[in-house]
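J.: Chains B and C: place on chain A using the hints.
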Amino acid sequence: MNEAAILTEGLSKSFGAQAAVTQLNLRIQPGAVYGFLGRNGAGKTTTMRMLLGLVRPTKGRARVLGLDPTNETELLRILERVAFVPQRKQLYGWATPTELVRMNKAYFPRWSDDAAAQLAKRLEIPMKTAFKKLSIGNQSKVALLLALAQGAEVLILDEPTAGLDPVMVDEILRTLVEDHVSQGRTIFVSSHHLGEVEQICDWVGILEEGRLLLESRLEEIRQEFRLVIASGEGLPDVASKDVVSATTDGRFRRYVVAREAERFAAELRSQGAAILEITPLGLRELFLHLVRKEEACTPGNAGAKAVPVSSFS
Amino acid sequence: MLLHLNASSGVPVYLQLEAQVKQAVAAGALRTGEALPSTRKLAAELRINPNTVARAYQDLERDGVTRSVPGGGTFVADGLPGLLKSEKVKRLRPHARQLAVEGRQLRLTREETMKLLEEELDKLGGQP
Amino acid sequence: MYAWKCWRESRARFFFLLILFSVTALLFTLQPGIEVKDGWWHFNRSEYISSPLPTAHVVFSMILSVLWCSGFLSAVFLGATAPGSEIEPGTIEYLWTRPRTRASVTWTHWGVCVAEMIIVAVVPIYLAAVLLGALTKHWDFPFLFSAPWMMVIVGLPVLGLTTLMTALRRSASGGLIYASGAVIVYAFLRQIIIVPLHLNLPTLFTGPLIWLMNNNQFGVTPIAFPWGALGRAVFLAAAFPLAAQYLLKRAEV
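Residue numbers (this note's numbering), protein chains in the order written: chain A, 1 to 313; chain B, 1 to 128; chain C, 1 to 253.
Keep in mind that a hint or two might mislead.
Said to hold, decoys possible - Computed list of chain C residues with no C-beta within reach of chain A, every gap over 10 Å:
| # | residue |
| --- | --- |
| 1 | R13 |
| 2 | G33 |
| 3 | V66 |
| 4 | W68 |
| 5 | W96 |
| 6 | T97 |
| 7 | V122 |
| 8 | T136 |
| 9 | R170 |
| 10 | G174 |
| 11 | M213 |
| 12 | Q217 |
| 13 | A224 |
| 14 | W227 |
| 15 | L230 |
Said to hold, decoys possible - Below, a list of computed lysine to aspartate or glutamate pairs in the EDC-like style, where the Cα atoms sit at most 16 Å apart:
| # | chain 1 | residue 1 | chain 2 | residue 2 |
| --- | --- | --- | --- | --- |
| 16 | C | K249 | A | E72 |
| 17 | C | K249 | A | E74 |
| 18 | A | K241 | A | E224 |
| 19 | B | K41 | A | D179 |
| 20 | B | K41 | A | E178 |
No lab work stands behind these hints, which were simulated from the structure alone. Just so it is clear, the structure is predicted and the values come from calculations on it, not from any experiment. Ideal Cβ placement from N, Cα and C applies to all residues, glycine included.
If we strip away everything but chain A, and leave its shape as in the complex, we get (with noise of 0.2 Å):
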């Protein structure tokens, strides 16, 4: 099936006059593993709210499955296939994890008592407990035994690991791989746990302040995305689409490139430059080079000053 699992084109949303998300271009086939990736208020979770037809578009569109989310006899296919956490995972104070879980079964006739209790004990849930005497973490907990155990072809899960221990945080990444990557379902996830994305993801798209800055297979990032170092006069801003970003740090410049950065190293010699490190990147660290912001040249500080950064797919 050629068909997207999730797709948006042009998808943007403001709230007022503040854009929450610009023209956000996004396919994702079906069965890969996608990290989003972004700071807090870039417009994850606001366009994975969209997806889930919480939120309607500004402007442009986004299936699901095919499908859209504005209409609400779409909508209710989706929400028949797509399994979602939220970002805030408030469920009713009053019931227990037990009483959660049977409310919950009602709604899904893919719904696995097996995986539920799976879940339910690997991720050390109180079942008794009324939700509301739930810590923050086992609360988090509870609302991913919910969406995992549904049986849902695609999961959204909004920083689904937040807040959660390293353990909880090993056992939830084990299910996702074991249960749910390796059943072909589609995984779109956003997470600040850079390293734990790295490991499961195929497919990593990078927001900042609602725009996509990039998007890229985790493979490629690992095999052709380089850091270039160099020091020289008059080096360039951006030389080509493949420099993602290019930052200053008083004699030095730092570029991300995308792909063939020895040629790229090459061309910066020829102008006279000196290259002092071309090294591959990890994932956290091209996060921050794309997105974080440097600042202003003072007096006694050689001051590194960002560059427009070309917006690269």
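T.: Relative to chain A, chains B and C alone:
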């Protein structure tokens, strides 16, 4: 399965897996005919994307280290019977060249470089 | 399962109202026979046997004087847990990502509330009637049996209003306060307007209840049943929730 990953080494995960399997086979820790864990199982154990494991397994098979069976499953291959000696030598030559070049750059003597190679071979044990 | 959730969530309020009204009704039923003698209470059944109708009448008047608001109270307290109330606490993100239309959610909640309202209105009065019947050996209480239904009819528009206010204010407390506030302010304004202007405005929808309370009194000319008010009550009972349904359909959370 005694495979582990080093997240901060900068080496892609699939390469690390391949290297570790090759090392295990060379050292005799993995014997001919022994089964490797399924893609799904290994991915779950290591908490990585199954595609990454699949990639490593594909490369290992291409390199003749492992072979897969129609019914499913990946097994350690038996010493590349299909490859001619000349092929094997051709494959190893780039590594030998690299060792020679680096040894020369670091100003090691021929004896020191050879000694290094012998030590590594000794560590592997197994057949002479 | 959402209906179960509505029940479970309103359970405490439901039982509170049910018990409160039942106890009140039963106490009023026993009141005519209670006398204090020798420093202690005694129950004297003679009144019930000797003059069943007047006693029943007195009892009924007392019950009605307190329980007339049963419809309003249960409407406002039970209705405040309508779906709109889940927006502020954040559970709406769970509710509205289940495969159910927002309309079906709104009306399921409404249906559960109506059922609860009926029970809260009917049970206390029928319990009192049973007790009264047993005491007086007299079983013909026309108004007593129709009273709970008048209360429910008059409560339904308020239930709808509370559902609407909850959707507007996006919280249970907001819904409760604004709905009861609207009812009180409206009643107040109505009084202010009709007296100086000498208007004889019919009641918006409380007619049936007034008819009941009026015709129950002795020596008063019975008034005709206010079909207009009943019609308006039915209309508002449907119109308010429909407005809430429309609001919630378009809502972004």
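J.: All hints are to be evaluated individually against the structure, with a verdict given for each.
T.: Now for the hints, and whether the structure bears them out:
| no. | hint | result |
| --- | --- | --- |
| 1 | R13 | holds, 12 Å |
| 2 | G33 | holds, 42 Å |
| 3 | V66 | holds, 30 Å |
| 4 | W68 | holds, 32 Å |
| 5 | W96 | violated, 6 Å |
| 6 | T97 | violated, 5 Å |
| 7 | V122 | holds, 27 Å |
| 8 | T136 | holds, 44 Å |
| 9 | R170 | holds, 14 Å |
| 10 | G174 | holds, 18 Å |
| 11 | M213 | holds, 38 Å |
| 12 | Q217 | holds, 45 Å |
| 13 | A224 | holds, 45 Å |
| 14 | W227 | holds, 37 Å |
| 15 | L230 | holds, 34 Å |
| 16 | K249(C) <-> E72(A) | holds, 9 Å |
| 17 | K249(C) <-> E74(A) | holds, 14 Å |
| 18 | K241(A) <-> E224(A) | holds, 14 Å |
| 19 | K41(B) <-> D179(A) | holds, 10 Å |
| 20 | K41(B) <-> E178(A) | holds, 7 Å |
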